[in-house]
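Chains as they are written, first to last, in the numbering used here: chain A, 1 to 291; chain B, 1 to 291; chain C, 1 to 291; chain D, 1 to 291; chain E, 1 to 291; chain F, 1 to 291.
Note that these hints are calculated values from the structure, not bench results. Hints are not guaranteed to be accurate.
[Stated by the list, open to error] A few chain B residues that face chain E, going by a derived Cβ cut-off under 8 angstroms, partial list only:
no. : residue
1   : P126
2   : G258
3   : K261
[To be verified] Simulated crosslink set (DMTMM-like; lysine to aspartate or glutamate; CA at most 20 angstroms straight-line):
no. : chain 1 : residue 1 : chain 2 : residue 2
4   : A       : K11       : B       : E259
5   : E       : K89       : C       : D214
6   : F       : K11       : E       : E259
7   : D       : K11       : C       : D214
8   : C       : K261      : D       : D170
9   : A       : K89       : D       : E82
10  : D       : K89       : C       : E268
11  : C       : K89       : B       : E15
12  : B       : K89       : E       : E259
13  : D       : K169      : C       : D214
These numbers were taken from a predicted model, which means no experiment stands behind them. Heads up, the beta-carbon is just placed ideally off N, CA and C, and yes, glycines get one too.
There are 6 protein chains.
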Amino acid sequence: MFYHDRELQYKVRVEKPNPAFARMLQQAIGGIEGEIRVCLQYLFQAWGNRGPVKYRDMLLETGTEEMAHIEMLATAVALNLEGAPTSLKDEMAKDKMIGAVMGGMDPRHFLSSGLAAMAVDANGVPFNGSWVVGSGNTAADMYANVMAESTGRVLATRLWEMTDDPGMKDMLSFLIARDTMHQNQWLAVLEELGGVQGIHPIPNSFPQSQEVQDFNYAFVSTYINSGDGSTPAGRWTEGQSIDGKGQFHILKAQPLGGEPKLAPPVPEGHAQTEQMTLTDTIIGNIKDTLS
Amino acid sequence: MFYHDRELQYKVRVEKPNPAFARMLQQAIGGIEGEIRVCLQYLFQAWGNRGPVKYRDMLLETGTEEMAHIEMLATAVALNLEGAPTSLKDEMAKDKMIGAVMGGMDPRHFLSSGLAAMAVDANGVPFNGSWVVGSGNTAADMYANVMAESTGRVLATRLWEMTDDPGMKDMLSFLIARDTMHQNQWLAVLEELGGVQGIHPIPNSFPQSQEVQDFNYAFVSTYINSGDGSTPAGRWTEGQSIDGKGQFHILKAQPLGGEPKLAPPVPEGHAQTEQMTLTDTIIGNIKDTLS
Amino acid sequence: MFYHDRELQYKVRVEKPNPAFARMLQQAIGGIEGEIRVCLQYLFQAWGNRGPVKYRDMLLETGTEEMAHIEMLATAVALNLEGAPTSLKDEMAKDKMIGAVMGGMDPRHFLSSGLAAMAVDANGVPFNGSWVVGSGNTAADMYANVMAESTGRVLATRLWEMTDDPGMKDMLSFLIARDTMHQNQWLAVLEELGGVQGIHPIPNSFPQSQEVQDFNYAFVSTYINSGDGSTPAGRWTEGQSIDGKGQFHILKAQPLGGEPKLAPPVPEGHAQTEQMTLTDTIIGNIKDTLS
Amino acid sequence: MFYHDRELQYKVRVEKPNPAFARMLQQAIGGIEGEIRVCLQYLFQAWGNRGPVKYRDMLLETGTEEMAHIEMLATAVALNLEGAPTSLKDEMAKDKMIGAVMGGMDPRHFLSSGLAAMAVDANGVPFNGSWVVGSGNTAADMYANVMAESTGRVLATRLWEMTDDPGMKDMLSFLIARDTMHQNQWLAVLEELGGVQGIHPIPNSFPQSQEVQDFNYAFVSTYINSGDGSTPAGRWTEGQSIDGKGQFHILKAQPLGGEPKLAPPVPEGHAQTEQMTLTDTIIGNIKDTLS
Amino acid sequence: MFYHDRELQYKVRVEKPNPAFARMLQQAIGGIEGEIRVCLQYLFQAWGNRGPVKYRDMLLETGTEEMAHIEMLATAVALNLEGAPTSLKDEMAKDKMIGAVMGGMDPRHFLSSGLAAMAVDANGVPFNGSWVVGSGNTAADMYANVMAESTGRVLATRLWEMTDDPGMKDMLSFLIARDTMHQNQWLAVLEELGGVQGIHPIPNSFPQSQEVQDFNYAFVSTYINSGDGSTPAGRWTEGQSIDGKGQFHILKAQPLGGEPKLAPPVPEGHAQTEQMTLTDTIIGNIKDTLS
Amino acid sequence: MFYHDRELQYKVRVEKPNPAFARMLQQAIGGIEGEIRVCLQYLFQAWGNRGPVKYRDMLLETGTEEMAHIEMLATAVALNLEGAPTSLKDEMAKDKMIGAVMGGMDPRHFLSSGLAAMAVDANGVPFNGSWVVGSGNTAADMYANVMAESTGRVLATRLWEMTDDPGMKDMLSFLIARDTMHQNQWLAVLEELGGVQGIHPIPNSFPQSQEVQDFNYAFVSTYINSGDGSTPAGRWTEGQSIDGKGQFHILKAQPLGGEPKLAPPVPEGHAQTEQMTLTDTIIGNIKDTLS
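Turn these sequences into a full structure, and let the hints steer you where they fit.
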């Protein structure tokens with residue numbers, strides 16, 4: 001269960017409120033790279049954790065911390081909205097500046113929330129629960145977490161670049177530092193689980209002998225001129241595979257599966273009659289195709 | 001640009017059509033772990049690729065291959081739907097079997113598509129473009145790709161376990177093999193980009209001196225009894241950080257940010273009067289709180 | 001900021017795991033009546049709270065408690081999924097029971113989460129951030145909260161009726177009790193804010209003199225035979241209005257606004273030529289209409 | 001069934017078309033606080049009404065009226081879009097004003113609808129059917145309706161503040177008046193159903209003896225320093241509960257549920273081997289955790 | 001504006017309530033082929049109609065009728081749910097039948113709506129406002145309407161096939177008849193607007209001289225073996241085009257656009273350093289690719 | 001299966017990058033009128049095609065071509081974003097122009113994708129798989145395709161009007177030409193399937209004798225004054241129906257279905273007691289209503 005404090009995890013100051021920046025910050029709250037996603041993702045992974053209990057405990061720790069990050073960002077949004085324009089009266093004509101600011105802010109920050117953060121991204125698209133990944137396979141989940149913290153840190157550094165408000169830069173410097181730690185933290189679990197060669201291919205509990213052997217370490221090239229030496233060479237085209245269990249090689253894409261054939265429509269599905277009855281015209285057309 | 005063949009990349013046979021399995025396969029088509037996602041993800045990453053062109057070329061290759069995987073799975077869905085029940089007439093009463101099958105299939109496979117695959121997941125939830133991740137940072141994108149192929153391969157092995165149809169098992173063995181390769185392929189790019197110590201923290205182009213230094217390698221424990229020796233120990237609590245740029249250590253969570261203070265509501269936002277006017281009652285309540 | 005415990009707020013026991021009931025419980029996690037919604041709703045209201053700080057503090061308290069309720073339900077889902085069927089192999093033919101169970105469970109509970117809870121509702125539709133209501137008007141928000149706890153308690157009592165597992169009934173009896181308290185709690189704020197007559201119409205900070213006076217306490221009847229004495233009579237058709245500021249009365253619906261007239265399409269919007277050029281045919285048609 | 005008139009319910013005039021205001025008005029059409037939601041909500045409640053038929057009749061009346069409100073707002077959007085810029089040609093360079101206007105309008109108002117309203121909110125997020133609440137419990141539904149009319153009226157007053165177009169102000173004054181009536185109307189039903197003490201806890205048909213008695217009137221404080229006298233006091237912490245069925249009191253949050261224990265992963269779910277096999281390393285780690 | 005009657009447009013009787021059929025009917029209410037979509041689509045087209053007013057009037061007529069169809073179907077859902085199972089107690093074990101029925105019904109029909117219709121499809125996916133098409137071009141809109149009535153009638157005939165309840169068959173026979181009329185109605189507008197040759201290409205107000213002339217009547221074949229005589233021949237490969245403004249012919253797909261070249265990442269976008277700095281390794285890789 | 005080329009289908013040049021136009025172009029990528037939709041729609045129709053195989057082949061051809069159109073537009077977005085502002089530092093104050101540009105662009109084009117296209121529309125709303133229509137009825141599907149190419153071409157001509165960049169105008173002229181062809185192509189299939197009289201009503205495999213005969217060619221007027229000669233006359237009110245199978249005529253809307261009657265709530269659904277128990281007050285109210 002959970003407890004709270006009335007104070008923030010780290011200082012949130014805004015010297016020059018900027019409603020356009022408030023909108024940008026929403027991406028870090030309700031966007032796919034944002035904090036609601038990682039908070040729920042780590043907590044759901046903890047709650048569904050099967051296997052060593054230490055991972056459950058660690059996921060609970062960081063999931064709980066992320067809740068405090070949502071709180072910091074939500075506070076930052078509210079502070080950036082103070083003094084925001086709340087009117088379109090004539091200002092389009094009189095003051096281009098206000099028009100520009102209005103154009104750059106999320107109108108729902110005034111209309112829907114009365115100058116407060118919402119559970120949406122920078123375009124007002126609501127947070128979506130499908131982003132909360134917990135597969136039951138700890139290694140897959142750790143990659144989902146590394147990915148979330150990587151796109152999250154990229155986002156935070158871009159927000160840091162966008163603003164010259166010292167309070168906002170400071171807050172973001174804290175969040176960027178936490179993303180650094182969290183990337184390392186999930187990588188540490190991957191190391192503990194066996195390192196790249198131990199954990200891949202994920203899931204490592206599936207017997208690789210069941211894979212179609214010609215294709216599990218082959219780079220399939222669909223390039224239309226493939227085979228003329230122009231396939232992009234890289235670490236992935238030769239040498240031992242990264243998981244240490246195969247040799248990379250190149251394979252020109254070939255259709256091995258023949259043309260699919262489906263049965264005609266069932267009557268009660270009410271396709272057009274022409275799809276079911278082979279009229280002379282249709283038969284002729286088919287013959288043309290086949291000849 | 002793109003070309004096509006009329007044939008499939010690999011055989012798709014169904015010996016015992018099973019409409020419930022058709023529904024399951026939809027997860028691998030239109031689900032977050034599915035093939036539409038990876039297809040569009042690799043292609044959008046290619047189309048927006050800035051930096052070494054070889055990665056653009058490689059992403060195009062595999063994005064194009066994934067299109068063929070959607071095709072195989074869509075064909076598998078159509079074949080599994082042949083012979084599916086298309087009626088509720090009395091069978092609830094007469095034949096429990098048909099009722100059960102009907103309960104296990106996606107009704108829209110009959111109602112909406114006439115026994116064909118759709119761009120939805122196993123619960124009929126539509127594919128969502130937000131799942132297509134391309135951040136402009138190649139390392140972050142590669143982790144998104146490893147994660148997609150990891151959850152994708154986990155899904156494919158679960159589908160493999162669910163069925164004993166030899167044709168479906170064979171098709172899935174091919175797709176599982178491709179996921180093995182693709183996991184390795186994206187890991188190979190990460191190796192080429194510098195390996196774990198070279199690429200992290202992502203983005204590695206942000207100066208770490210700007211991070212708040214006390215927090216970038218600290219495991220923050222929010223556990224209410226933290227400090228009594230019960231924090232979960234692991235690779236992430238001591239020793240050199242995985243990126244080689246810091247030392248892991250434990251920090252008990254502490255509120256450093258004070259209590260947030262927001263301005264009162266602006267009049268034109270039409271909060272309740274009581275939020276704006278400090279009546280005696282309200283003042284009394286506040287005093288109670290403060291005392 | 002937030003802290004956690006490794007223990008649950010209340011006991012979660014499952015004597016007879018039931019994967020179909022696991023699916024039902026998802027409605028109380030990721031559905032519109034569920035705990036993710038109230039958790040985020042109370043927290044976002046707290047973080048954006050402008051006005052008496054005591055309401056911020058109280059919202060933080062209960063938002064934090066709701067996080068523990070998500071945890072209890074997620075645990076209940078995982079426990080109900082233990083022993084769930086993970087195969088379609090032949091069982092449709094051999095064992096109708098398993099088929100029925102499989103039909104009644106969410107297939108993504110196996111395919112996507114490996115027997116764990118997800119941030120979705122009972123049909124696998126993801127949680128949606130648009131459900132998190134925080135308007136900046138405390139009275140409106142309190143009604144949103146009463147409504148959430150009312151539909152939430154209705155849901156919980158229905159789940160209670162569905163199961164005869166004593167552990168599940170006990171857990172639900174706890175959650176139902178909490179919903180009782182929370183309904184009362186938000187009602188208490190409404191009382192403190194002035195009671196029904198003090199708070200309505202919400203927002204009470206808008207001058208009612210600006211309303212079109214003939215319509216603010218009139219029950220408008222759109223019934224086609226309205227006026228023949230058949231309008232449904234009730235508390236809302238006569239007597240003092242509930243907010244004490246007007247008299248209820250009935251008004252037969254009348255069109256007061258005339259027919260709307262829009263300008264013709266602009267050329268660069270590329271409507272059909274016939275929408276822009278008044279050909280003889282079109283003119284004729286229009287004349288027919290007007291005559 | 002339904003009939004229509006070609007005229008509007010109330011005048012809709014726009015003296016100074018403003019495409020940015022057209023975008024704002026979309027929130028009142030397709031947003032969660034908007035008219036499509038209340039229209040469908042009241043109608044679906046009517047169509048599913050079980051119990052006294054008078055409520056079905058009344059819901060039909062007001063649901064039908066709301067349809068006319070969508071129509072008024074859609075007309076207002078179309079009129080505000082007349083004269084909107086439909087080009088980006090050089091104007092970013094030549095005329096900052098047009099750029100600002102373009103930035104403030106919804107581009108789909110030109111691109112997708114040709115200067116007409118759409119079923120979306122002020123950010124172009126589509127109307128979502130999940131917002132249509134009808135629980136089958138009349139009291140819960142009435143609160144959903146009061147809440148919808150409260151957030152709706154708050155929205156309308158904010159729109160009223162944003163504009164100084166007399167036609168728009170007049171139209172909004174009408175809609176604000178109707179929201180006043182509708183708040184009172186749903187409150188009137190609640191009074192008729194028994195008043196606060198009669199209807200709560202909702203549903204009142206569930207026997208309260210089945211609730212866990214220690215928790216149904218307790219304010220649970222999750223504040224980490226709770227118990228030191230700092231819990232926020234209010235109407236909800238002492239005295240008779242609002243529903244008259246209990247006494248409010250404060251309870252410090254305590255974990256009563258112990259640590260949850262889940263079974264290990266099932267083999268066919270293909271977690272990582274390390275989650276299933278207790279290797280020496282894993283066992284060591286677990287021992288470390290437990291010691 | 002709108003008026004209502006308390007009676008239905010056509011009889012809705014259910015002799016043998018079937019909760020699984022109730023779920024199927026939801027597709028015709030809240031699905032993309034359903035009645036909420038056409039209702040709102042016709043009304044929004046009417047409200048935004050620019051051009052001959054007769055089309056506005058006609059769209060209002062049929063949009064209003066569709067509201068009555070939602071009502072009929074919502075009533076049919078409620079009637080089919082009467083007697084539905086509302087419990088999972090033991091019946092999975094004792095009575096396979098009830099389990100099967102429960103598996104086939106939408107659990108939210110009990111949990112969320114208390115045995116009433118909702119604004120969702122047959123899988124519980126909510127109605128989505130993006131489906132409401134109104135482009136401002138009357139011809140494009142009429143095709144959207146023909147398409148909606150075509151997929152709608154296909155759906156209705158499939159529902160008709162699924163049931164042998166005489167009341168449901170009768171209701172569907174009415175709705176199928178209305179779809180027949182509505183298909184014809186929108187086709188009649190297309191005829192009035194000029195017929196196929198007059199209206200195409202839509203929009204017909206764009207000067208065709210601005211099109212790239214080699215491609216506007218060419219069937220582009222992406223078939224990898226195209227040109228060997230195997231391109232699928234049909235009405236679309238030779239003869240006058242359907243709009244009478246060109247001649248169909250076949251063109252083998254050729255890349256005419258060269259390879260795209262994007263600038264390197266901007267520093268503040270924080271791509272990886274390796275994307276921006278051409279290290280020796282990277283340069284080597286690029287050389288390999290180019291050689 | 002599929003192959004690719006590294007070159008574009010047609011030239012994509014941008015002389016004056018414009019980030020606001022990049023946002024507009026997103027509508028043609030991830031919007032409902034966009035290329036992801038048609039690409040997946042044609043491919044899913046091909047993969048599920050039952051009936052003459054020539055249509056499968058043709059759908060594969062054009063679906064594959066559309067993939068190249070997404071690629072062209074994604075490239076155009078990336079090129080238009082070059083030089084886009086990536087900062088809010090002071091420019092709101094110093095340079096209104098940058099503020100305006102920032103207001104007009106999609107902030108996620110910098111924050112989420114690092115100056116690249118995404119799978120979203122012009123408002124950042126993600127592509128939605130529900131837009132991919134494939135009904136199993138070829139005629140219905142062809143109308144869905146004509147509709148998609150019609151709204152798509154309307155969109156493309158509007159984009160063409162918005163820009164004076166010669167490169168963008170050229171690219172759009174190519175795409176507009178392809179839309180012309182594709183409209184004709186799907187119309188050609190409709191002609192081949194029998195022409196308007198042969199294919200309607202869709203599905204033509206349902207026996208029209210099963211329709212309720214009085215309603216299948218009647219224009220039902222819901223106009224409240226219908227019958228006074230004011231019903232909008234048109235091709236759809238008299239003469240032979242377009243499908244040649246009936247005579248158009250006008251019918252004044254009449255309620256034929258009586259008032260719907262639903263059973264009282266079931267106890268375990270926990271409606272309010274007042275909905276279930278007929279207290280004296282309730283009975284009195286009902287009597288009032290009935291009298």
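A quick look at each hint next to the structure:
| no. | hint | in the structure |
| --- | --- | --- |
| 1 | P126 | 7 angstroms, holds |
| 2 | G258 | 30 angstroms, violated |
| 3 | K261 | 32 angstroms, violated |
| 4 | A:K11 - B:E259 | 9 angstroms, holds |
| 5 | E:K89 - C:D214 | 55 angstroms, violated |
| 6 | F:K11 - E:E259 | 9 angstroms, holds |
| 7 | D:K11 - C:D214 | 14 angstroms, holds |
| 8 | C:K261 - D:D170 | 18 angstroms, holds |
| 9 | A:K89 - D:E82 | 18 angstroms, holds |
| 10 | D:K89 - C:E268 | 13 angstroms, holds |
| 11 | C:K89 - B:E15 | 13 angstroms, holds |
| 12 | B:K89 - E:E259 | 58 angstroms, violated |
| 13 | D:K169 - C:D214 | 16 angstroms, holds |
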